[in-house]
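Trainee: Take 39 as the starting number for the sequence shown in my numbering and just add one per residue.
Treat the hints with caution; some may be incorrect.
Unchecked claim - Here are the in silico distance ranges between beta carbons for each label pair:
hint	residue 1	residue 2	range
1	ASN381	SER352	16 to 24 Å
2	LYS411	ASN381	18 to 26 Å
3	GLN238	VAL343	52 to 60 Å
4	THR363	ASP427	19 to 27 Å
5	LEU424	THR365	18 to 26 Å
6	PRO321	PHE148	48 to 56 Å
7	PRO258	ASN381	47 to 55 Å
8	GLN421	VAL343	16 to 24 Å
9	GLU142	ASP346	22 to 30 Å
In case anyone wonders, no lab produced these hints; they're calculated from the structure. Even glycine gets a Cβ: it sits at the ideal position worked out from N, Cα and C.
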Amino acid sequence: MGADVQIGPEGAALDLPVISSPPATIGSRSHKRYKSWLVWATILGLAVAAVLLTSLWRAQHAARVGYTTVAVDRGPVTQSITTTGTVNPVLNIIVGSYVSGVIESLYCDFNTRVSKGQLCAKIDPRPYQTIVDQDRANVMTADAQLAKDQAGLAYAELTFSRQSALFGEGVTSQDSLDNARSARDALRAQVALDQATISQHQAELQSALVNLSYTDIRSPVSGTVVQRNVTIGQTVAASFQTPTLFLIATDLTSMQVDTNVSESDLAHLADHNDAVFTVESYPDRPFHGQVVQVRQAPQAVQNVVTYDVVVRVSNKDFELKPGMTATVRIVTDQRSNALRVPNQALRFVPSGTPRGKESTDQARRSGIVWVMKNSAPHPVSVQLGLEGDTFTEVTGGDLHESDAVILNEQVSSQSRPATGAPRL
């Protein structure tokens, strides 16, 4: 082993030992392997810790997700159409005036119960009574004229008979006989004319009597006065259009609701469909009726076509009034004791399901509901029948009564990642 020589301060050489690097040994190689193992162990430990923390966080997150469930049961499934309408009497009778004049008396008012033929109002009859008196006098005059002409005819018949006898004996001339015949024939024609005149005056008298009777405004039916449009002293003119004096509902114990149903719903409607409706005066009381008519005449408003569907309802308590607005639900189809699930259950898909929107559409088409089994949601395929307003009929599939179907998820606010949540 050599030594380095270093010159001291006096120029003398100093002998100092020089330390040389030792050659590589087996211990130094083991040390390097230890460092490499330590690095890989650290990486593996971090990975395992990350997996464990992530699994723990997911488990905690899943524990915080709850589900709203409902038991599958049996009950009614109802399909219906909801619309609005107006309550009206079954039959309204417009009472008008055939003659003109001044209203002299009123005997009916709003809500008056009337019977057929009952006097409701009277128009001043004096002008029409005058016409009746004149026509009656004309008839009497014609009768008197007829009596006078009949007496003249009797004398003319006698004169002609005498002239005929004298002419046969050659005592009178042909001219005298012809004059007697002419006088007789003229009086016969006059008597016929008088009889026709009497008939004419009698017809005029009858017409005047009819007009006089029209001054009494009488109810044509039994019912209730729902509208009065005149007052005492008011003049009504019937020259061009019959004025409306009263509106009488024939029977308020039976009412109807005129509803407007869209043309898209018309195919589901039929006579005798059950209907339930409410009015604003009784919002918590349902009234039950039945469809009695689907009218063919369309009603187009702003390019929307609807049809009048008439619902008949009993009104024995007189709680329904004409003109009330009704919210009507018409039952188009129903099942009485069907295995059913809520419609909301058919729309539910767990949030963790991939392609959630497509799964929702698929569930609607193929009938998939999610059932809680072993504290986890599981899909069940079902066959569907009638789709009602709230429930849908189940006609087949591995779904049974009392199974708990999921309606929605209930995720608490703690399920959101907190500050200490793992970030990978």
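Trainee: Each hint needs a verdict: does it hold in this structure or not?
Mentor: Tested hints:
1. About 33 Å separates the C-beta atoms of ASN381 and SER352, a value inconsistent with the hinted range of 16 to 24 Å.
2. Checked against the given bound of 18 to 26 Å, the beta carbons of LYS411 and ASN381, roughly 22 Å apart, stay inside it.
3. Checked against the hint of 52 to 60 Å, the C-beta distance between GLN238 and VAL343 comes to roughly 57 Å, which is consistent with it.
4. One distance hint, 19 to 27 Å for the beta-carbon pair THR363 and ASP427, holds here, with the actual separation near 22 Å.
5. Taking the beta carbon of each, LEU424 and THR365 are about 23 Å apart, inside 18 to 26 Å as hinted.
6. For the pair PRO321 and PHE148, the beta carbons lie near 26 Å from each other, so the given range of 48 to 56 Å is not met.
7. A beta carbon spacing of about 53 Å between PRO258 and ASN381 agrees with the range 47 to 55 Å that was offered as a hint.
8. In this structure, GLN421 and VAL343 break the distance hint of 16 to 24 Å, their C-beta atoms being roughly 35 Å apart.
9. The hinted range of 22 to 30 Å is not satisfied by GLU142 and ASP346, whose Cβ atoms lie roughly 41 Å apart.
In this structure, the earlier hints numbered 1, 6, 8 and 9 are contradicted, and the remaining ones agree with it.
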